[in-house]
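*Asks:* Construct the complete structure from the given sequences, taking the supplied hints into account.
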Amino acid sequence: MSKRELLLKRIAAIDFAIVELNLYMDTHPDDDEINEKLNTYREKSANLRKEFESLYGPLTLDNKEKNQWRWIADPWPWNNCEGDEC
Amino acid sequence: MWVYEKKLQYPIKIKNTNPKLAKMIITQYGGPDGELGASLRYLSQRFSMPYPELKAILTDIGTEELGHLEMIGAIVYQLTKNLTPEEIKKAGFEDYFVDHTTGIYPTSASGQPFTASSIAVKGDPITDLHEDLAAEQKARTTYDNILRFCDDPDVKDAIRFLRAREIVHYQRFGEGLRICTDKLNSKNFYAFNPSFDKK
Numbered sequence: 001m002s003k004r005e006l007l008l009k010r011i012a013a014i015d016f017a018i019v020e021l022n023l024y025m026d027t028h029p030d031d032d033e034i035n036e037k038l039n040t041y042r043e044k045s046a047n048l049r050k051e052f053e054s055l056y057g058p059l060t061l062d063n064k065e066k067n068q069w070r071w072i073a074d075p076w077p078w079n080n081c082e083g084d085e086c
Numbered sequence: 087m088w089v090y091e092k093k094l095q096y097p098i099k100i101k102n103t104n105p106k107l108a109k110m111i112i113t114q115y116g117g118p119d120g121e122l123g124a125s126l127r128y129l130s131q132r133f134s135m136p137y138p139e140l141k142a143i144l145t146d147i148g149t150e151e152l153g154h155l156e157m158i159g160a161i162v163y164q165l166t167k168n169l170t171p172e173e174i175k176k177a178g179f180e181d182y183f184v185d186h187t188t189g190i191y192p193t194s195a196s197g198q199p200f201t202a203s204s205i206a207v208k209g210d211p212i213t214d215l216h217e218d219l220a221a222e223q224k225a226r227t228t229y230d231n232i233l234r235f236c237d238d239p240d241v242k243d244a245i246r247f248l249r250a251r252e253i254v255h256y257q258r259f260g261e262g263l264r265i266c267t268d269k270l271n272s273k274n275f276y277a278f279n280p281s282f283d284k285k
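First to last, the protein sequences are chains A and B. For the first sequence, the working numbering assigns the number 1 to the initial residue and increments by one for each residue that follows. For the second sequence, the working numbering assigns the number 87 to the initial residue and increments by one for each residue that follows.
Among the hints, a few may not be true.
[As the list claims (entries may be wrong)] Computed from the model, here is a short list of chain A residues facing chain B with C-beta under 10 Å:
#	residue
1	LYS9
2	ILE11
3	ILE34
[As the list claims (entries may be wrong)] Not close to chain A: a few residues of chain B, all C-beta gaps over 12 Å, as computed:
#	residue
4	ASN231
5	PHE275
6	PHE278
[Claimed, not checked] Only pairs whose alpha carbons sit at most 25 Å apart, straight line, appear in this in silico SDA-like list of lysine to any residue:
#	chain 1	residue 1	chain 2	residue 2
7	B	LYS93	A	SER45
8	A	LYS9	B	LYS167
9	B	LYS92	B	GLY148
10	A	LYS44	B	GLU172
11	B	LYS99	A	ASP74
12	B	LYS101	A	SER45
13	B	LYS99	A	ARG4
14	B	LYS93	A	ALA46
15	B	LYS99	B	GLU172
16	B	LYS269	B	SER281
17	B	LYS167	B	ASP146
These aren't lab readings, by the way, just hints derived from the structure by calculation. Everything numeric in this text was worked out from a predicted model, so none of it was measured. The beta carbon of each residue, even a glycine, is placed where N, CA and C say it ideally should be.
*Replies:* Here it is, written out as structure tokens:
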């Protein structure tokens, strides 16, 4: 697994926890303990995303990096290849 | 409004092509219990939902289903990459291939194009939430059936993830239904539509 894939996998894991707890909070909006946990995952995700984006380009269009149009760069999420091979 | 994230919810990396399997899995793209129908069902039902918890759960699950649609598209795309005409013929993939080449088209496994008649929006929260509970179980059954024909660990792994999501969504919709019935007016014990019959 490439470093890029590994980092994406770590982001997917943290973001999965966020999705899961977010759905839980929709039907349990008064659960402060889980809400706090959600915030720690959000922080972890933000840090990992920052690291990923500085190396491989933006994950979303609100990214403020200088070379914004690295957005178009391969691979796109459905590609199972790296860079020029796509 | 939506914001695109240039990543999958769960990584998909399939080493070996398998057009036969792709033809089954495409049903979760555009088939009767697929992810396209799921997202349209929830994102459409939410407009007539009365309570904030229900508006939120339908918005958030509907959004997650769009991510699953993308995952299924990625699986089918990777399973059908760089095929030769011989491989296409051997796998019985010719009928899909002549219409769509290896493009990703919303259709069922048996070749019926996506149709909104496989989803329902009734405008009554109790009715719609029961539709959603059934829909999650139908999708779970479909993933179970796909797993019966699937021996590639790369594909199995992703399909198992998606199957597990159906179970969690079923749980959340069950809680949504409980919230809904708890909030019915105490005079409304015959469960008249709380979105329309306001008095």
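*Asks:* Look at each hint and say if it fits the structure.
*Replies:* Taking the hints in turn, this is what the structure says about them:
no., hint, verdict
1, LYS9, "holds (6 Å)"
2, ILE11, "holds (7 Å)"
3, ILE34, "violated (14 Å)"
4, ASN231, "holds (24 Å)"
5, PHE275, "holds (23 Å)"
6, PHE278, "holds (23 Å)"
7, B:LYS93 to A:SER45, "holds (13 Å)"
8, A:LYS9 to B:LYS167, "holds (23 Å)"
9, B:LYS92 to B:GLY148, "holds (18 Å)"
10, A:LYS44 to B:GLU172, "violated (48 Å)"
11, B:LYS99 to A:ASP74, "holds (15 Å)"
12, B:LYS101 to A:SER45, "violated (28 Å)"
13, B:LYS99 to A:ARG4, "holds (13 Å)"
14, B:LYS93 to A:ALA46, "holds (15 Å)"
15, B:LYS99 to B:GLU172, "holds (24 Å)"
16, B:LYS269 to B:SER281, "holds (12 Å)"
17, B:LYS167 to B:ASP146, "violated (32 Å)"
Going down the numbered hints, you'll see the structure goes against 3, 10, 12 and 17, while the others check out.
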